[in-house]
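Participant: In the order they appear, the protein sequences are chains G and V. Using this note's numbering, the first residue of the first sequence is number 8, and each one after it goes up by one. Using this note's numbering, the first residue of the second sequence is number 8, and each one after it goes up by one.
Hints may be right or wrong, so weigh each one.
[What the hints assert, rightly or not] Interface residues of chain V toward chain G, partial, derived using beta-carbon atoms under 7 Å: (1) LEU48; (2) GLU50; (3) ILE88; (4) ALA124; (5) LEU126; (6) SER206.
[What the hints assert, rightly or not] Stretch by stretch, here's where chain G covers chain V in the computed footprint (C-beta under 8 Å, at least three residues): (7) 29–36; (8) 186–194.
In short, the hints are calculated from the structure, not lab data. What you are looking at is a predicted structure, and each value in this text was computed from that prediction instead of being measured. Positions of the beta carbon are idealized from the N, C-alpha and C atoms, including for glycine.
2 protein chains.
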Amino acid sequence: MTERIWTAALVVIGDEILSGRTQDRNVAQLATWLNVQGIRLAEVRVVPDVQDSIVEAVNALRTRNDYLFTTGGIGPTHDDITVDAIAAALGVGVTIHPAAREVLTRYYESRGGITDARLRMARVPEGAELIVNRVSGAPGIRIGNVFILAGVPHIAAGMLDALTGTLEGGRPVLSRTIGAWVAESEIAELLHATERAHSQGADSGVAIGSYPFFRDGRTGANFVIRATRQELLDACGDALIVGLGSMGLETFDGGI
Amino acid sequence: MTERIWTAALVVIGDEILSGRTQDRNVAQLATWLNVQGIRLAEVRVVPDVQDSIVEAVNALRTRNDYLFTTGGIGPTHDDITVDAIAAALGVGVTIHPAAREVLTRYYESRGGITDARLRMARVPEGAELIVNRVSGAPGIRIGNVFILAGVPHIAAGMLDALTGTLEGGRPVLSRTIGAWVAESEIAELLHATERAHSQGADSGVAIGSYPFFRDGRTGANFVIRATRQELLDACGDALIVGLGSMGLETFDGGI
């Protein structure tokens, strides 16, 4: 039986990423979290703090993936337009969420009190639910298959933590890394043949990625095998070790 | 007179980014380099090592930007399909570039000699030119407004270095950072009003970004002002310092 592959996309919203000022951490963080939920990160777009750009990306990706995540642009300042843009993308209005207002009022009680700017963070697209924020004040937002997270990585991490186990997904992706001191160009054929020999179709495929590096003046590479079935992962990895060994190469199960 | 804004887009090609295994560094690196060329990074997409995905992203972005860059997928292994995908996107064939073959033959002379797998790295879309690679063997590729760079960040950096000053662009973006120990929600109004007061239209705009942080138990934020005109940058920054000062806040020109 063909297993369904669950996919997610991410829209990173922020001029600070596109200007090079801030190094994004949310792509890798979300990808790693999704792997464990049995969901594959299929595509990412980084867009500026411009409503039309956000709307276009959100609508393109939410329709062709099971889930869509966004990071960034949910703070209190004028450049935080994510909620308005997503409401526009979905064709709904924006409203103050009573529970978000309560959370924020409580959070700011000992921090100078609630203000109009802070109340902006209680605004949600109509019909949305909240995602718990255990780290700071403003909650994340879920509406349909769209998940609106904070841009600050450790706050986004807390929101993902709150979502763990709540999304329907498939089998988690398993991986195995095998390293060798070899130029990847010397074993390109072997990699290709090994991958082809072990792939059994869309629902039970194996993919081998090749990641070269240079260290202490030597050339090496790690080969990462990914599969959703343990037996395929094992068989493919063992075959690769045998193949590399037959070329006289020492291998490192777990990578170099 | 309205000045033209030059834009570029980036397609990051690589399963290793989408799986979370590798932390991308090329977005920030390219963005920073583009700023100095007077070109704005307008949009980024991260796509898997799948031809259809690459073709779709390349064709969407190359037509609506002055320049399109790609990183990743130009090595010797079976998962390196960038050249074929871009040739398909442009509707041209793939050919061995004689100068690339020469470069690779020379490079591998002392490294075990040229092989079929290594020769793959001399393949280019028909009509392409090479981009010098001062760091390792395989060159980058330019075809029309598409620039194909390596995925390994320090190799991509070398290719960008070789391109410095060769692309037509506008005025470089200038920036000024002002920091204060304040919750951004307290000065949201001030930021908005200051930005609005100093923006003089599309060709002479000012943008203020707000970047909160938490350090040593205190809440602070850096405000980054960006403009292409020095006089606007100065005036907007000075006004922001006066505004923050009138609220009793100490400011740090250059950021915290």
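Participant: Could you tell me which of the numbered hints above are not met by this structure, giving the numbers in increasing order?
Facilitator: Of the numbered hints, 3, 5 and 6 do not hold.
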